[in-house]
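**Q** The primary structure of each chain is shown beneath.
Protein chains: 2
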Amino acid sequence: MSQFVMQEKKSAEHMRAFAEKVFASDAKDEDVRDEVSMFDVVDDCPILNEEQSNHCHHDDNLEKRKKMMSRARESLMDDKPAYLSVPDFQRVAIIGDFATGVTMDDFELACNGLHRALTIREKYMKLAIQRFPRTVSQILAGIDGRTWKVEDEVHPVFTPPYKAGEDPFETKTLPENLNYVARMRDGVVHVYKDAQAVDKNEPLDLPFVDFNTFIDDMNFLISLIAQGPTKTYTHRRLKFLMSKFNVHEMLNEMEELKELKNNPHRDFYNSRKVDTHIHAAACMNQKHLLRFIKKSYREDADRVVHKLNGKEVTMKELFDYLKMHPYDLTVDSLDVHAGRQTFQRFDKFNAKYNPVGASELRDLYMKTENHIDGEYFATIIKEVAGDLEDARYQYAEPRLSIYGCNANEWTKLSGWFNKHRVHSSHLKWMIQVPRIYDIFRAKNFVPHFGKTLENIFLPVIEATINPHTNPELSIFLRHVTGFDSVDDESKHSGHMFCTKSPKPDEWDIVKNPSYTYYIYYMYANIAYINQLRRQRGMNTFQFRPHCGEAGAVTHLLACFMTADNISHGLNLKKSPALQYLYFLTQLPIAMSPLSNNSLFLEYSKNPLLEFLKKGLVISLSTDDPMQFHFTREPLMEEYAIAAQVFKLSTCDMCEIARNSVLMSGLSIEEKTHFLGEDFLKEGPAGNDIRKTNVAQIRMAYRYETLTYELNLIKNCLKTD
Amino acid sequence: MSQFVMQEKKSAEHMRAFAEKVFASDAKDEDVRDEVSMFDVVDDCPILNEEQSNHCHHDDNLEKRKKMMSRARESLMDDKPAYLSVPDFQRVAIIGDFATGVTMDDFELACNGLHRALTIREKYMKLAIQRFPRTVSQILAGIDGRTWKVEDEVHPVFTPPYKAGEDPFETKTLPENLNYVARMRDGVVHVYKDAQAVDKNEPLDLPFVDFNTFIDDMNFLISLIAQGPTKTYTHRRLKFLMSKFNVHEMLNEMEELKELKNNPHRDFYNSRKVDTHIHAAACMNQKHLLRFIKKSYREDADRVVHKLNGKEVTMKELFDYLKMHPYDLTVDSLDVHAGRQTFQRFDKFNAKYNPVGASELRDLYMKTENHIDGEYFATIIKEVAGDLEDARYQYAEPRLSIYGCNANEWTKLSGWFNKHRVHSSHLKWMIQVPRIYDIFRAKNFVPHFGKTLENIFLPVIEATINPHTNPELSIFLRHVTGFDSVDDESKHSGHMFCTKSPKPDEWDIVKNPSYTYYIYYMYANIAYINQLRRQRGMNTFQFRPHCGEAGAVTHLLACFMTADNISHGLNLKKSPALQYLYFLTQLPIAMSPLSNNSLFLEYSKNPLLEFLKKGLVISLSTDDPMQFHFTREPLMEEYAIAAQVFKLSTCDMCEIARNSVLMSGLSIEEKTHFLGEDFLKEGPAGNDIRKTNVAQIRMAYRYETLTYELNLIKNCLKTD
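First to last, the protein sequences are chains A and B.
Counting with the numbering used here, you get residues 1 to 720 for the letters of the first sequence.
Counting with the numbering used here, you get residues 1 to 720 for the letters of the second sequence.
Hints are computed from structural coordinates only; laboratory data are not their basis.
Don't take each hint at face value.
When chains are identical, the list treats them as one kind, so a pair holds in a single copy or across two.
[What the hints assert, rightly or not] Under the rule of at most 30 Å between Cα atoms (straight-line distance), these lysine-lysine pairs were calculated in the DSSO-like manner:
#1 Lys295 / Lys323
#2 Lys294 / Lys647
#3 Lys149 / Lys681
#4 Lys718 / Lys64
#5 Lys714 / Lys239
#6 Lys443 / Lys718
#7 Lys244 / Lys193
#8 Lys491 / Lys348
#9 Lys605 / Lys647
#10 Lys647 / Lys574
#11 Lys574 / Lys605
#12 Lys647 / Lys573
Extracted from the complex, chain A is given alone in its bound form (with noise of 0.2 Å):
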């Protein structure tokens, strides 16, 4: 038994102070720019740097090192692997000493703390049906001796895309009733066999990770990422990463592009890419906007449309009370770009969802429930849906929004999406939960946190175990493929979450949870949820949140734990823990460079292509193409300004939208068709080159790069 695992039963107590201390100075420290935070390291820090030296003279475990060097010659060092379906490259091998310049018994103290994150994370990954690679769970299971077998992998489940002729809102096919009772139960739904079960306080068996061991795994993970070795380590594999992949480039670039031209039929072009991270209020671009509304009032301008101050009025009416009118609108006076105001101001942006400042139009344009049902929201959507079903290989994920503030969310939104039938193959729906309890709490619309996530989830489970008494509801979830939290990450609430938390229900106060407080019970309803819905055959629903896009490191943490993928991940820069971590379970992020450009990082500065070389799994999203895009293809925009400002090669632009169709809502059967049909394989096995243009070099490298990393921790922890 190593020193490290000794060592943590003692202290679970002091790692749990450290872990608060931590936390907090972390959410203090964020609004004092570029001071070095805890879970950073420094390249040029000497007292790092003497430390190194130290270690390099006096070798403290010379015969351990010794035994794992000849272990690596077995394991790391064998003969190249022999695909059958992989071109001649050229490979980096490091030949020699691997534990890179730690000493030994740092080497075993990372290295237990990164097993433990790994089998952390692939715990709560199966707990809510998401996806955790199987290449990690394979190194995984022989750690522990184990043997993995394919049938304990979990997967979401996802609607297949509808066959012609069979109808996206049909409501025959809903399964039956199962006659359970669902109840809140401290934040988290749960399900009760009937009335009776209720009051005996005795729920199905559905396995759920509850807030204590959530707590205890998190601060675990805080002491982890701020621990000395396990930053030096974990910076020092990163370093390495990057190097190596620019060796690789190096060597292999013009074969990997060899590949590529040899393929036939399948370009950058005709790849499919998924545009993974876009809300739906601002999916099409200012012109649209523009032209719809122009068109609008020639089509509709004496309407009924709107109620002012109680009185109905028609659309000239309201224009004229705004005083102006839409022959005259430009896309300066719409003003909804994001322009240099906005940067480092997400308040500022905002406001930018308003046509021409008016919260009138956004109520009569961009919103669900209005005077006309969401009629002309519902028609923009649709053309931006035939847009991209013109552009033939590109699908969107559109996010509309939950917020927990009624009861009867739910049902107005999924009424709107079947009385307009909001349906395209291209589009694939998610939930955005805006993490603004405190606005409704001040106005008391909710009497507590506990409310707020009850009209989030409760009907949602209720459908779930009656799909007749909301059958319209029931027909939406089929369609909705995964929840987001969204909200401006650099406010923060100063609420540190543990175990003395106040419950849901006692959190009555006006101060909003903090963000880690929000993921854990979206988190926990949604795993629950799916626990449920796997049984009934249901589709189940991915957790991705917005995260790291601004605020504390944490942020990130509670996302390792919890989410499917996310959007965003800038912060990964600030941890090189996090980022390793990342990295090691291939934990997909959502980047919108151009998004970021206009509110909190500039283009050049974007991690993009330092995440990309490294191998963490990026795809390229537009997040708000009517506040940040000027074409009319915001996605093909997107891609063309990171390819020309990072100079990415094709393989770099394909292996992104391979990317993103993994990461996405896209069902099973859609994916097979897009990437081929052993797709859930993981590296060239897993890759057909004809249907993404990836070179398999490319996929090797990735492949062998990413088992190089993980066999560095198995070899340590491996008892002889």
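Model the placement of chain B on the given structure of chain A, informed by the hints.
**A** Chain B only, in chain A's frame:
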């Protein structure tokens, strides 16, 4: 009389020697990157700093300085100008000493030199019927005590747009034969009344700049831009211009935006913009070319399209010979896109013009002269023009090549143009002349450089004298708006252009003449031809060479003397004096940052933003969409990326679009329609915001800033 003018007279010879030394050193230096050139100033130069502080302490000429200050107060610090149409805004005024930290002697020296430089460019522009800013002419007249008259102004003459029903290819209205005789004399076309006049060597009295005058003017300018005080003064002025714009922007950005918001109907999307620099052979994007090749094969597989080793082959046979099938082609195998492999490698870039690396396909699809008489190329261009017509607000100025290799080129090119009726109201044609005499000479296609010039310019002057000998050429020339000079500027010939240089007819070595040599002879011929064409009421040609993309700084000097406007201009960064002169004369620069990004300079290091802020007149252009762009709208892609990376405001973008129209070969009629009736006026009076969407505040800022800088020179030179 100032010290400078005296000195100058004494040392004309001395200066020539100095200029030649500088020239030689500049040509030699260009391989040594990051070294400070003779034209540059370094911000942290200790000698300069010390000089500066000395100047502050012992003021050499207190009386003079005081007088200058009071004069400044009168003329520079007038009450703010009262334009009718400019909203109030906050102006940046400098009160007090204005000689910006140089001694009075240095100030006078610099102002005298700059003044003479301005008069040189004014002379060259007039002689070639090219544009020169009215504001500058007025100030120059003021300095000399002349009265400026609007009638003295020259403007290039362009063919007005064809009205509905008019035939752009009709030959009936061609002017009659003048029965003059044309001959080359020392590399420049000359026109004689008759054969007798030829014998007597008595050409018509058309003014042009002779070789020796050009060399003298050039030598003066070389000395000027290498002269310490001028470098320091202009460097400081440019720094001031930058800071001034930053302050202006900070104070007035919202006011400018307000103007635009209140400007009905017009926004960036429907502001006219011209792609001022694009090569016809690469004017389609890669996807377009791919689609076209596939389509042509579907329709024409059995058509004879090519001659292979003397044998006629069908398209199918050609592709069989190339061992490929168009059905399998992708943009990857097409391989025309510039990737990372082309950076700093112009040679590799040029190879990208061959689809699938096969020059046969370049011949078939991208040449005017081939077995199918350039039919495919004409069709592709007409498709590109169709896209521009659909986009409504976009225009382009494609370049077609005349090599000067043989006397038939014009006939063939204009035959192609007329046969396929390659005309669109959204295209303005330019002729590009590649600087590759050395290749033709090596193959013995031409006996000397003079023959190349003859092949290029003699047919043009002959068609000008008698449009009926070659009606197709005469029609084509109506559509041509200018000449471009193209090739890799970083190759340098090592030849120094001086009075001892061989005349073109004596230039029979294989070595290429220098850039400046090419430029002078192109300019002299164009100027001469323009003189005659204007007399005849024909359209004239602008000289718009590629310049300053790479290579020696002196390229930019040659074009300061001769070009209406240039493409690229990156190297202005290396010479503050030239950069300041480009600013003072508002010499337009068509910049292509995406092209630079693939070839010479990373996007984020592009000086575009800096130039724009300082007030240089820049436009955006695509150069080669086939090689650089990804989307269906290359010009919009170019604007979008610049807007995103440089965070341009809408006003910036519309100002750039307005610049592009101004510098283009669009006719007076079109410019009036696109920019407003008074577009020939400068400053806010010349801007119609309803058409351009450029804020009047911005126009006033630009105008007042230019006037202020010019007045500094004027006040310095004014004798009491």
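**Q** Take the hints in turn and mark each one as holding or not.
**A** Now the hints, each set against the structure:
{"no.": "1", "hint": "Lys295 / Lys323", "result": "within (18 Å within a copy, 52 Å between copies)"}
{"no.": "2", "hint": "Lys294 / Lys647", "result": "between (39 Å within a copy, 28 Å between copies)"}
{"no.": "3", "hint": "Lys149 / Lys681", "result": "within (13 Å within a copy, 80 Å between copies)"}
{"no.": "4", "hint": "Lys718 / Lys64", "result": "within (12 Å within a copy, 87 Å between copies)"}
{"no.": "5", "hint": "Lys714 / Lys239", "result": "within (20 Å within a copy, 59 Å between copies)"}
{"no.": "6", "hint": "Lys443 / Lys718", "result": "neither (57 Å within a copy, 72 Å between copies)"}
{"no.": "7", "hint": "Lys244 / Lys193", "result": "neither (56 Å within a copy, 75 Å between copies)"}
{"no.": "8", "hint": "Lys491 / Lys348", "result": "within (14 Å within a copy, 51 Å between copies)"}
{"no.": "9", "hint": "Lys605 / Lys647", "result": "both (14 Å within a copy, 14 Å between copies)"}
{"no.": "10", "hint": "Lys647 / Lys574", "result": "both (24 Å within a copy, 26 Å between copies)"}
{"no.": "11", "hint": "Lys574 / Lys605", "result": "both (14 Å within a copy, 26 Å between copies)"}
{"no.": "12", "hint": "Lys647 / Lys573", "result": "both (21 Å within a copy, 24 Å between copies)"}
Figure legend: structure checked against the earlier numbered hints; hints not met, in rising order: 6 and 7.
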